[in-house]
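Visitor: Residue numbers (the working numbering), protein chains in the order written: chain Z, 1 to 284; chain A, 285 to 425; chain C, 426 to 1200.
You may find that some hints are simply not true.
Said to hold, decoys possible - Within a straight-line C-alpha distance of at most 25 Å, the following computed BS3-like cross-link-like pairs (lysine-lysine) qualify:
no.: 1; chain 1: A; residue 1: Lys303; chain 2: A; residue 2: Lys329
no.: 2; chain 1: A; residue 1: Lys418; chain 2: A; residue 2: Lys346
no.: 3; chain 1: A; residue 1: Lys378; chain 2: A; residue 2: Lys418
no.: 4; chain 1: C; residue 1: Lys872; chain 2: C; residue 2: Lys1181
no.: 5; chain 1: C; residue 1: Lys872; chain 2: C; residue 2: Lys862
no.: 6; chain 1: A; residue 1: Lys367; chain 2: Z; residue 2: Lys26
no.: 7; chain 1: C; residue 1: Lys872; chain 2: C; residue 2: Lys601
no.: 8; chain 1: C; residue 1: Lys461; chain 2: Z; residue 2: Lys39
no.: 9; chain 1: C; residue 1: Lys872; chain 2: Z; residue 2: Lys39
no.: 10; chain 1: A; residue 1: Lys418; chain 2: Z; residue 2: Lys26
no.: 11; chain 1: A; residue 1: Lys367; chain 2: C; residue 2: Lys487
no.: 12; chain 1: C; residue 1: Lys815; chain 2: A; residue 2: Lys329
no.: 13; chain 1: A; residue 1: Lys333; chain 2: Z; residue 2: Lys26
no.: 14; chain 1: C; residue 1: Lys487; chain 2: A; residue 2: Lys331
no.: 15; chain 1: C; residue 1: Lys588; chain 2: C; residue 2: Lys571
no.: 16; chain 1: A; residue 1: Lys352; chain 2: A; residue 2: Lys333
no.: 17; chain 1: C; residue 1: Lys611; chain 2: C; residue 2: Lys824
no.: 18; chain 1: C; residue 1: Lys1181; chain 2: C; residue 2: Lys731
no.: 19; chain 1: A; residue 1: Lys286; chain 2: C; residue 2: Lys1191
no.: 20; chain 1: C; residue 1: Lys479; chain 2: A; residue 2: Lys346
no.: 21; chain 1: Z; residue 1: Lys39; chain 2: A; residue 2: Lys367
no.: 22; chain 1: C; residue 1: Lys571; chain 2: A; residue 2: Lys367
no.: 23; chain 1: C; residue 1: Lys479; chain 2: C; residue 2: Lys601
no.: 24; chain 1: C; residue 1: Lys487; chain 2: A; residue 2: Lys329
no.: 25; chain 1: C; residue 1: Lys571; chain 2: A; residue 2: Lys286
no.: 26; chain 1: C; residue 1: Lys815; chain 2: C; residue 2: Lys611
no.: 27; chain 1: C; residue 1: Lys815; chain 2: C; residue 2: Lys730
no.: 28; chain 1: A; residue 1: Lys378; chain 2: A; residue 2: Lys322
no.: 29; chain 1: A; residue 1: Lys333; chain 2: C; residue 2: Lys487
no.: 30; chain 1: Z; residue 1: Lys26; chain 2: Z; residue 2: Lys205
no.: 31; chain 1: A; residue 1: Lys333; chain 2: Z; residue 2: Lys39
no.: 32; chain 1: A; residue 1: Lys286; chain 2: A; residue 2: Lys418
no.: 33; chain 1: A; residue 1: Lys367; chain 2: A; residue 2: Lys352
no.: 34; chain 1: Z; residue 1: Lys39; chain 2: Z; residue 2: Lys26
no.: 35; chain 1: C; residue 1: Lys487; chain 2: C; residue 2: Lys601
no.: 36; chain 1: C; residue 1: Lys872; chain 2: C; residue 2: Lys611
To be verified - Incomplete in silico selection of chain C near chain A, CB under 7 Å:
no.: 37; residue: Pro447
no.: 38; residue: Asp554
no.: 39; residue: Asn1114
no.: 40; residue: Gln1116
Hints were generated in silico from the structure; no laboratory data involved. Being a predicted model, the structure only gives us computed values, none of them experimental. Beta carbons: idealized from backbone N, C-alpha and C, even for Gly.
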Amino acid sequence: MIPQNFEYAAAQTLDDAIKQIAGGAKPLAGGMSLIPMMKLRLATPERLIDIGRLKELNYIRESGGALHIGAAATHHEVESSGLVRGKCPLLSETASHIGDVQVRNMGTIGGSIAHADPSADYPAALQALEAKFVLKSSSGERTVSAADFFVDTFATALEPGEMIREVIVPLEAQGTGVSYQKMYQPASGFAIVGIALRIARSGGKISMARIGVTGLSGKSYRAIDAEKALEGKAGSATEIQNAAALVPQNVDINSDLHASADYRRHLAVVYAARAIAAALSRSA
Amino acid sequence: MKISGTHRLPFPPEESYAKLQDPELLAQTIPGCESLEKIGEDEYKMKMKMALAAVSGAFEGKIRIADKNPPESFRLIVEGAGKIGFVRGEGLLKFSAAGDATEVTYDGDVQVGGTIAAVGQRLIDATSKTMIRKFFEKIAG
Amino acid sequence: MATTTTKTETLVGKRIRRREDPRLITGTATYVEDIKMPGMHYAAIVRSPHAAAKIRSIDTSKAAAHPGVAAVFVGKDVAGVGPVPCGASLPGLRVPHHSILATDRVYFVGHPVAVVVATDRYIAADAADLVEIDWDVTQAVADPEKALASGAPAVHPEWPDNKAFDFHQEHGEIDKAFAEADVVVKQRITSQRLIPTAMETRGVVAEWRAADRALTLYTSTQIPHLVRTLVAMMLGLEENRLRVVAPEVGGGFGSKLNVYAEEALMGFVSMKIGKPVKWIESRRENFLTTIHGRGHVDYYEIAAKKDGTILGIKLKIIQDLGAYHQLLTPAIPTLSVLMMPGLYRTQNIRADIVGVFTNCVPTDAYRGAGRPEATHGIERMVDMLAAELKMDPAEIRLKNFVHKDEFPFPTATGLTYDSGDYAAPLKKAMDLAGYDKLRAEQAEARKQGKLMGIGISTYGEICALGPSPATPAGGWESATVKIEPTGKVTVMTGASPHGQGEETTFAQVAADELGVDIDDILVLHGDTSIVQYGIGTFGSRGTAVGGTAMYFALQELKAKLKKFGAMMLNSDDVTLANGQCVCNKTGAAKSIAEMAAASYRAMALPPNTQPGMVSTYFWEPPNFTFPFGAHLVVTDIDKDTGAISIRRYIAVDDCGNLLNPLIVDGQVHGGVAQGLGQALWEQAVYDDNGQLVTGELTDYVVPRAHMMPWIESSHTITPTPVNPLGVKGVGEAGTIGCSPAVVNSVVDALSPLGVKHIDMPMTPEKIWNLVKGAH
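Chain Z on its own, in the form it takes in the complex (with noise of 0.2 Å):
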């Protein structure tokens, strides 16, 4: 459990973090992934520049019509904050079930999409969100969607010298109703599946429907196919029953000690069925 030798610096600009990481640097914000791994000798970054104490970073704001989360906020503070509590509840509820206590204290939402570990818990609700990732380097600025930037098992749309400095997620429509629901490898606390959905209704119909998945299987996605048969539906008990069993479809499910793919295909329309009942008992 001791890292290989590194050197470490903290950041005490974005611009300084940029120009490290250009270089070579391994940016370090709450640790919870990378410091473990380090101690296991399964990374060995010669060179890690902390990003986590950026003022810079380190913001919940809403403007234009969406909140604006900065790459160093805390899953504490995405949970506790009561912006995002009111406008964009389904990233709240999410955070909370993220890790523990511990871990929502140092962790932070720009490493947790960084990483893109196939199991985290974020992915769904912004794959749901349709959330929106700023990245910047030092030649500039891009943004690219959750649907383009999860590529695979921990690769993202992240260039070298690229780092995650916003996340841009929509304000929630007053009526949608929200929900994330989770089986919790319990070692862990990763989602062995994890089920984020945002429900509208109108004229007594489906209006909108969005299901990002997790943990069951390579990377984050968006059940599509669900989505557009809850759609112009209202919602009933076979209905959304219909609509769960499409959300494993066509997917390379994985397999591990916790959790074997049939079970975890079968929990992904069990935990989508509750997700859908519990968003749309929440809608109006």
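On the provided structure of chain Z, position chains A and C as indicated by the hints.
Guide: Relative to the frame of chain Z, chains A and C by itself:
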């Protein structure tokens, strides 16, 4: 750990079969492969650097090809070891024509040891599938 | 000046907060890791990544040349150090030579191969990565039943059948019992390998002072004196030149009731390099190399009459020993045999044990050590028998219990149960639960297709280990009580508590006996140069045996105090009470402090009395104690996911007198947490190649606080006649009573689906498969 899957290559079976035994091509397509050196008939020494998000590690190992039955099947035996653990795998690759393309199915057994076995259970399945997929995508060009 | 304050309020039986807790919860306690010394070096151990391999060669040159490295040692360098000892003896036992570093072969993942010593731990870890080993990997076998199959790889080439021993015990007329039975129920029951996971991993600091020819070993252990004796033998050092200190110990659960290779290895290293050296086990090393618990495959048969009377029990245990014997490895399953009749009267038993070598870390004592396995088995079998006979599980137990007027009761396995009223906790638990109402609710729930379970276990234990003839290294315990010249009282116990709260409970007893304030009492333990020889804390013995030794030392001191009091008061008619000696005629009094001061000043001495106020007592217990109890668990099963939720957990434990009910409840809670861990979550999983795939806390499920149900804890009190405190011990009760109650509850819930047995851990996926299979 059992491992199996199917990938499609946009070549006829004979060509797919040959490509999957072409050391120069393999050197370019095996994720993280730094060098591949022939040490005997159908036997190669390989150095690779695995890099997956924050996880990284150097491996040295051997690749051996056996039970050749062109263009239908061959057996691939891989072993590698590094500071973070070791991997030993053996699998049968089968080639079947699918129009102009080939369906390659693999079915094998992978043993993992060391740190990666002890701490990576949650991720070995997803990670190995990802690496194999990347490999076939590169072969497919 | 004498300042002992006197008091009249008694403390025994009160819920007094633990006096050791402030230093623990403020982070100011001193563990091995907190010890720092000038010139201290750090060791990193190179371990095998393979479960079975020959070592072709080891190249340490790069590691040795690494800047900051002081030394590198391999197996041949430590050839003079004796093997890791096994204290257990069984007829025909095969004992593999267990050298502290592997020489030509390794037998399990984590097997130590080399040690790198450097000026700091970072350098040591870096250099350990530079040791190059050429392995010839061989076939491994990790499953005990596979190891017994013909053609299995031999763990030790000299014993191709992988058997370490066969053990047989029989009593009564077992064949007749089975021939005459109306019903026989058979079941294979596993008790999976568990990882003890003490919060503090192991660690050793060794300090050799050549000029004094003195070695001090700070080690996280439950048995400092036994470590001293055995490590001295391993190192060839005179025992009185070795001092062993167990500083604060962050939990053991049996995993530190052992002597480990690293304890001798660090001693060796310090003596070689002439500097203090520290080694702290990482969590991963802890999982790989500190003993595991359980590891049983049990084949049970139980025979009974139609009316539920149990006629006999047969048991075959296949014990996964791992690759070596640690201190007590082969003895643990023999405790299961002793416990196999449970609380029941049957005199007909047959037991066989096959001890099996596997390419895994050794198993050994883990909270309950053999008794949870046995209790789990018998309590499952009794439930299966009740189901077969369509009897209520409580009724069948009440029918077969040893009656309360039958004590002392000789069991079929050769024990003598001390005292008991086995129906009492069961009835109390049923009352607390509202048993009849729950059964009615369950019937209603079943009509609606809901899966609700009610499970009972009634357990017994063998505690207060134990009479010396029944133990490998002495079963007595020691205490010294000193009243200092100023009247302060120092208790030194040979038991070495490591979380059990004995600094509090012992002080309560001493305060009451002497009539002094609890704050005037200091309880010391765990340092062989301070404390007289002792055995240690394990097997629920700390208070029942160690506390009793202190009790008798206190009686001797009281007699001596009384002599001084009589002399000082010039009276033969004196009473010692409430911290003073009072002349019954005049009412004149002398305080404990005044008498103690007089004993050291020694201006005058009572006849035939030595100066000073010190007493040491070694107490040999005449028998074990046998606590018992009943746990009742109500569960609800989520049919869709297989998730089990515990609606109610009722624990009624009878551990004799309660010295401190707060601590007793804490022990029960902790024990139940570990029992739930086994029932629901924990398992050490080795793959077919002997790789431990639950190698970190990310995959090995240790119960967390938020996973615990509310535990309704209650007691009945049946004092033991074995010791004057009337205490039986409670350290393992929760663990022993828990797992069968939980499994019985879940099997009960699933019984409408035809489910008769479920092996642990009962993961949601396992339950889901059972529910799915029934449809």
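Visitor: Okay, which hints does this one fail, numbers in order?
Guide: 7, 9, 12, 16, 22, 23, 30, 33, 35, 36, 37
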